Each structure stands twice: as C-alpha cells, then as structure tokens.
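What follows is the residue order along each chain.
There are 2 protein chains.
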Amino acid sequence: MTKEITGGVCAAQGFKAAGIHCGVKAGSSPDKNDLALILSERECSAAGVYTLNRVKAAPIYVTMDHLENGVAWGIVANSGNANACCPGSHENAEAMCAAAAKATGREAEDFVVCSTGVIGQAINIEAIEAGMPTAAAALSTDGSDAAATAIMTTDTVKKEIALSCTVGGKEVRLGAIAKGSGMIHPNMGTMLAFITTDCAITPEMLEDALRDVAGKTFNRVTVDGDTSTNDTCVVLANGMAGNDLIEWKDENYDAFKAALDYACRRLARAIAGDGEGASRLVTCKISGARSEESAERLAKAVVGSALVKAAMFGSDANWGRVLCAMGYSKAPFRPEHVDISFESAAGTVPVCRQGDGLAFDEDLAKRVLSEKEVVIAVNLNEGGEEAECWGCDLTYDYVKINGDYRT
Amino acid sequence: MTKEITGGVCAAQGFKAAGIHCGVKAGSSPDKNDLALILSERECSAAGVYTLNRVKAAPIYVTMDHLENGVAWGIVANSGNANACCPGSHENAEAMCAAAAKATGREAEDFVVCSTGVIGQAINIEAIEAGMPTAAAALSTDGSDAAATAIMTTDTVKKEIALSCTVGGKEVRLGAIAKGSGMIHPNMGTMLAFITTDCAITPEMLEDALRDVAGKTFNRVTVDGDTSTNDTCVVLANGMAGNDLIEWKDENYDAFKAALDYACRRLARAIAGDGEGASRLVTCKISGARSEESAERLAKAVVGSALVKAAMFGSDANWGRVLCAMGYSKAPFRPEHVDISFESAAGTVPVCRQGDGLAFDEDLAKRVLSEKEVVIAVNLNEGGEEAECWGCDLTYDYVKINGDYRT
Numbered sequence: 000m001t002k003e004i005t006g007g008v009c010a011a012q013g014f015k016a017a018g019i020h021c022g023v024k025a026g027s028s029p030d031k032n033d034l035a036l037i038l039s040e041r042e043c044s045a046a047g048v049y050t051l052n053r054v055k056a057a058p059i060y061v062t063m064d065h066l067e068n069g070v071a072w073g074i075v076a077n078s079g080n081a082n083a084c085c086p087g088s089h090e091n092a093e094a095m096c097a098a099a100a101k102a103t104g105r106e107a108e109d110f111v112v113c114s115t116g117v118i119g120q121a122i123n124i125e126a127i128e129a130g131m132p133t134a135a136a137a138l139s140t141d142g143s144d145a146a147a148t149a150i151m152t153t154d155t156v157k158k159e160i161a162l163s164c165t166v167g168g169k170e171v172r173l174g175a176i177a178k179g180s181g182m183i184h185p186n187m188g189t190m191l192a193f194i195t196t197d198c199a200i201t202p203e204m205l206e207d208a209l210r211d212v213a214g215k216t217f218n219r220v221t222v223d224g225d226t227s228t229n230d231t232c233v234v235l236a237n238g239m240a241g242n243d244l245i246e247w248k249d250e251n252y253d254a255f256k257a258a259l260d261y262a263c264r265r266l267a268r269a270i271a272g273d274g275e276g277a278s279r280l281v282t283c284k285i286s287g288a289r290s291e292e293s294a295e296r297l298a299k300a301v302v303g304s305a306l307v308k309a310a311m312f313g314s315d316a317n318w319g320r321v322l323c324a325m326g327y328s329k330a331p332f333r334p335e336h337v338d339i340s341f342e343s344a345a346g347t348v349p350v351c352r353q354g355d356g357l358a359f360d361e362d363l364a365k366r367v368l369s370e371k372e373v374v375i376a377v378n379l380n381e382g383g384e385e386a387e388c389w390g391c392d393l394t395y396d397y398v399k400i401n402g403d404y405r406t
Numbered sequence: 000m001t002k003e004i005t006g007g008v009c010a011a012q013g014f015k016a017a018g019i020h021c022g023v024k025a026g027s028s029p030d031k032n033d034l035a036l037i038l039s040e041r042e043c044s045a046a047g048v049y050t051l052n053r054v055k056a057a058p059i060y061v062t063m064d065h066l067e068n069g070v071a072w073g074i075v076a077n078s079g080n081a082n083a084c085c086p087g088s089h090e091n092a093e094a095m096c097a098a099a100a101k102a103t104g105r106e107a108e109d110f111v112v113c114s115t116g117v118i119g120q121a122i123n124i125e126a127i128e129a130g131m132p133t134a135a136a137a138l139s140t141d142g143s144d145a146a147a148t149a150i151m152t153t154d155t156v157k158k159e160i161a162l163s164c165t166v167g168g169k170e171v172r173l174g175a176i177a178k179g180s181g182m183i184h185p186n187m188g189t190m191l192a193f194i195t196t197d198c199a200i201t202p203e204m205l206e207d208a209l210r211d212v213a214g215k216t217f218n219r220v221t222v223d224g225d226t227s228t229n230d231t232c233v234v235l236a237n238g239m240a241g242n243d244l245i246e247w248k249d250e251n252y253d254a255f256k257a258a259l260d261y262a263c264r265r266l267a268r269a270i271a272g273d274g275e276g277a278s279r280l281v282t283c284k285i286s287g288a289r290s291e292e293s294a295e296r297l298a299k300a301v302v303g304s305a306l307v308k309a310a311m312f313g314s315d316a317n318w319g320r321v322l323c324a325m326g327y328s329k330a331p332f333r334p335e336h337v338d339i340s341f342e343s344a345a346g347t348v349p350v351c352r353q354g355d356g357l358a359f360d361e362d363l364a365k366r367v368l369s370e371k372e373v374v375i376a377v378n379l380n381e382g383g384e385e386a387e388c389w390g391c392d393l394t395y396d397y398v399k400i401n402g403d404y405r406t
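One line per chain: the protein sequences are A and B, in this order.
Take the first sequence: its position 347, counting from 1, is numbered 346 in numbering that gives the first Met the number 0, and each next residue is one higher.
Take the second sequence: its position 234, counting from 1, is numbered 233 in numbering that gives the first Met the number 0, and each next residue is one higher.
Bound conformation, chain A alone:
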C-alpha cells in the first residue's frame, strides 16, 4: 500500500540534502537558494534519463559518464545558469563534482551534476566552489525543502513528494524533488527531477523502471513545445530498506515501479500546472483508442496546441481547436467517430459527438473551464486503449516571462 509521507528526498533512509545561496547569478537575491546537494551514506544503484535534444548541456555528458558504472553517492545541482553552449562548460561541470567530492570526502565520479538556467553564458564556477563547503555543512535529513528551492528557476511552487510502500515485506521509502516550468515538452529525457529511495535494486532494474515510468509521466507533459538542453531525471537507490535485492521483473519490481510511477506522475502534473505563466492545469485524456501510442500522440498534440492553450486561458469551449490539433498529430483516427467533452470540478460539458458539434450551455462551459484543473476528454470510439497528457494554458504572463528572461 503506497502512502504519502513527508521528507522529500530525505524520506528514504540514509539520505541527506541541503540547499544554499552561493550567488551563481550576479545580483540574485541572497534569499534565493541556487546550489543543491544530495548525499547518501551508502553507495547507490543509479539510473538517469536525459534530454533527447541534440544540443545537450555539458553536465549531461558528465553525468552520463559518471553513471556509466551504474552507481553514485550524490547529486550536485545549481540554478541560475545552464552551463550550456559556453567555452569551458565541460570543465566547469567536472569542477562542480570535484568541489562536491572535496567537501564531502568522496570522489568526483560519485556525483551526478545538473545545471538549469540561461544557456550560453559562462557559469560562475568560483561562486559554486566557494559555496560548496557551506552546502556540505548544511547537509541534513531536514534538507529536502532547501534543495527543492535551490533548483527552482521560474517555478512558482516547490515540487516535492515522498512515499512509503511495501516491497518484499519491507517498508521502502521513495522521495523526489523536481523543477520545471518553461522549455518543457514531451519527447525528451525529462526536466530536472531527483529521486532517492532506500529500496535495494540493481542498476539495471532501476534503469528499466525509470525509463518506463518517465515515458508515461514526465514525457507526457508539455508547457511550450521547447525541449530543453538540460533535462535530467536521476534516481538513487541505496538499499537501506533491507528488502531482498530486486534483480528481476518480479512482484517486488512491480511494487517499486508502482511507487516510482506514483511519484513521477504527481511531479509531472505539478510541473504542467506550474508551467510558466500558467493559470490552470490542462489534462487531455484520450480513450477508446486502438493503441496507447496513438492515444498519447493525440493527447500531446491537444495539450501542445497554442490555440487550445489560449482558449483554455480564456475559458473558451473552442472544441474545434481540439479536433484540429488531433488532425495534425499524425496519429490515425476517424474524425467522424470522435466525442469530446470538457470536465472539471464544476461539471461536464459534452461539446462534440461523432465529429459534429453539440448545442451546449455556454455559461456552464465557462464555469467548467474556469477551474484550476480542467480535463479535455476525448473518446475515439475505436478501441480499448487510452493515455493522458498534461499541459497548461497560454497566458500573457508566459509571454512576459519569456520576452525578457535573459537580462
């Protein structure tokens, strides 16, 4: 039985975290944490998934290299600069690991490294190196909150979760923090998400579980169609729960994967709902599909459509844009079979049946679409498969935030 607990990335046994302000970005507020450190007291099985963008930031290459042996001890991450597309970025990513290692008595290769922020400007590595001893000294089992705030950029809410579940008769805990608000689109590794667990599991099984789960959670989010250069999702599992090591895809693997899926799904929805400038979370559920893959493709096209997003901002039941977006998704379906309704806590409004518009109560539709979470429910009436994807509305604030983010 999976239940939510507190503690974030420190909920699992043997993990400490810290978040401090070191001044990565010139002129940033001393109240804004910008350096996060997470450390396990034992070696962890480790797995990562990364952006599919051809332009990858240097920290991704360094992390891939450090995780090649399938083990790690900790994570070091900064906000305020993406450490991407700049001379010396690879050396600086290595320097971050070296500084973390020196401050914690470990090796540079034991660390995952991530950066998030502006692309193409030199990172202030001196500030990070100077701040690292402070971060290491601040490591504690209460540190998840501080670490979660240290990786935020334009995020308006902290994204953190912790779960307790049972694997092979033992209590296993899993916690995570994430960031993500803009430059977010499916078809990627994911945004930044750090997951810790005390589950005993091999690196191979951990990677399989993570790939599967990320594909159905983080990769089903879109904010603006822009796949970042820095997306990384990493999970560290230190085995301290004492469950029998998961080496096969047995019922214990399934139990662990269910908890991982629960956590990632929650964070994915949180990222979509906190999309840059967003005023509401928009979910598109496609049901009655012949395959999950085509349902996913259709749902992604709907939540990714600028016109659907703008209509959601205006609480406008403009379902023609939903059908139009499905039409250019390249997934097969028959428009003349499609039913569409808008749903939220305020009610359900069917707007299209068998591809043709229905008369509906415009006032009720307005109320339904004015809620913080709205669902665009589409039934293809062609099969038994389904998928849902998450996005947000397109608002004046998105334009404002991104019209002058760099300076």
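Honestly, the hints are just simulated from the structure, not real lab data.
Here the structure is a predicted model, which means the values were calculated and not measured.
Zero decoy hints are in this set.
Stretch by stretch, here's where chain A covers chain B in the computed footprint (C-beta under 8 Å, at least three residues): (1) 47-54; (2) 78-84; (3) 304-312; (4) 318-325; (5) 354-360; (6) 387-397.
Some residues of chain B that are not near chain A, with every Cβ distance over 12 Å (derived): (7) R41; (8) E206; (9) A269.
By construction, the Cβ of each residue, glycine as well, lies at the ideal position given by its N, Cα and C atoms.
Start from chain A and add chain B according to the hints.
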C-alpha cells in the same frame, strides 16, 4: 523580366472579382466584407494544394472533387465561418457553389469553394445564398481589393500581389490574394491563397508548379504551430495571354514558375509578418547545410519555437534558444560547428561561433531586434545547401486574440 503591377487577382486578362458583406457571422459589421467571388471569362486550367490535417473542412473535399477534371471557372469563398465539423457542412459547401453558379450562369462544378473562420458552428448558408446575386452583380476588373478583404479574419493587412512577366515571348500576368494570420504552420497544403493568371498552361504543369512553389513558400511559414482544417491554395490559368501552351518543363515553364514563386513568397512573408498579434516578421536563414531538407527543418524549428518567438517580442538576443530549437528539430547537425548572428536594417550582431557564445554589444543587439523585420542567420559550416522559413514573434496580443476568439 518579372515586375510588380497593380490589379491583384484581376490583373490577368479575363478575370473579374467581387467582395461584399452578406452577414455570415451574426452581428458582424456591415463594413466587413465576408463573401468573395472570382470569375474567369474562359475555362481555366486549375490546380490546388490543401491542408494535410486529417480533419479537413467540407469545402476542401468539394473543391478536390470539382478540380478532379483539372479545370474550373471561378472561386467562391467566405470568411466568418469555417464550415467544418458541423452537420450539413458538405451540403452547404455544395450549396455555395450552386448559388455562385446560378448567379453567374455557370455550373456548380465550375467553382472552387473555401471557407475560413470558426470551426464547429453551423454556417449561415441562407445569408450566403441571399448575397450571391449581389456579389455576381459586383464582379468587375476592379474587384480584387474587395475580394481580398472578404477573406480576411484576424488579418490586419490585405494580402494582394500582381506581376507581369514574359513567357514564350508573350506578356503573362499573374495575380493573387491570400489570407492567413492564426492557425498557421508548415507541413500543410497552405492557408487560403487564390492565384489567377492568363498564362496558357496545362492542368498537369500547373499542378507541378504549384506543388513545388507552395512547398518552398507557404509551407515555410509558421505562426503558431497549428495546421488549420481549411488551408487551400488554388491557381486558375485561363490562357488568355496567348503564349504557346506550356505542356513540358521547358524554359517557359521555368519562367512561369519563377513568377508564381515570386508571388507566393511575397504572400507567405506577408502572412508571417501579419501573424496574429505579431509585432515583427522573423526570418530564419540556415546556410552551410548538407541538404536543403535539413536546413528547412532546422529553420522551421527555430521560427516555430515559442521561446524564440517570445525572445523576439522582447528584442532579446537569447541565441541559446535558437540552438536549443535546432537541437530538438531532429535534423542532423553538429552544434560545435554552428555560427549564429542576428540581422536587420539596424545592423548585424554575431552572437555564437562554433557553438560557443561570443561577447556582443547588448545595446546594438536590442536595436537590431527592435526592427519590423529581423533575420536569425545560422551557418552550419557543413555544406552548401540552405533554406529560409518565416514566422513572427509571440506577443500579448496573440494570447488576447486567441483567448476568446469564438465568442
């Protein structure tokens, strides 16, 4: 020698046009034309390209059917309603052709029919039928302007062009009107564009020329990534210029195609620059590519990126977003070879060389990016091919226009 002349779709011999207000949209201003009619005095070779959206509006199917024989006499089109995804839409599209035929003494099958506006609401066919005799009576060689305004929706400027060129020793004229502002994205047939010419050319040669040209002009525009259900580009050629009939891809075909390309390129740029809410035309030129196809894919990704578009709105030289968009385009290139500069009438600012950022004058960059037309110039330094695509910036007004377009 191709030169620009006046007259729009009536510049070529034997064409008349009209645009009137008939009241397609309830409560619309009597000053807003909403019904356009174009008629040739002789039978025309005719060719069309259409949206690739799986959800196609009824008028597209009717037009495809009417053009199956490769000939037509005229075009009837309305704004204010897309006549899509609504019971009876096919019958209403046929009824528009029948009404045009009755008012002009022709057959319904002689007409191309197009509609543009909101999807999913019943079209007011009675208003169109009632207005058709007025439109027919208004047909004149001065009618291009009125027809051009009759197909506008959120367009802020009329899109019209006429050219004179020489084909086989004869003066050939070609004119066009177009509309397009939102729901515009490459990978489509195109938006609405009607082209008339007195060139003598077979339907087969006309179709080949149109497909080639549309692929390199209209299909290289994006406003918002949403491919419409109604996009149509049609060309009518009545042969009255008296040139020898173009039956082969000879120098006469090339001369005609060059004029067609000139006209379509101008209209494509006009549509991009008049994108919904746009304050500037953004061109991305990719040079030094190994293939034109990959150059086009890269350029499309750049002008289609919400983050690049928002940066262009803010006159922010955020070139990292340019490289990021190229990275997720799925086209092959080496980030470490890429040079990027921003260009406009105010100057040129190199911002990235060999994949790494350059120091640049922020004030100059701001001035360069504040012009009405800006170019993002990218050299891949890998080959001799190139392509350019056109888009616009993402502004508060785009969100405003689309937050409540339907009501």
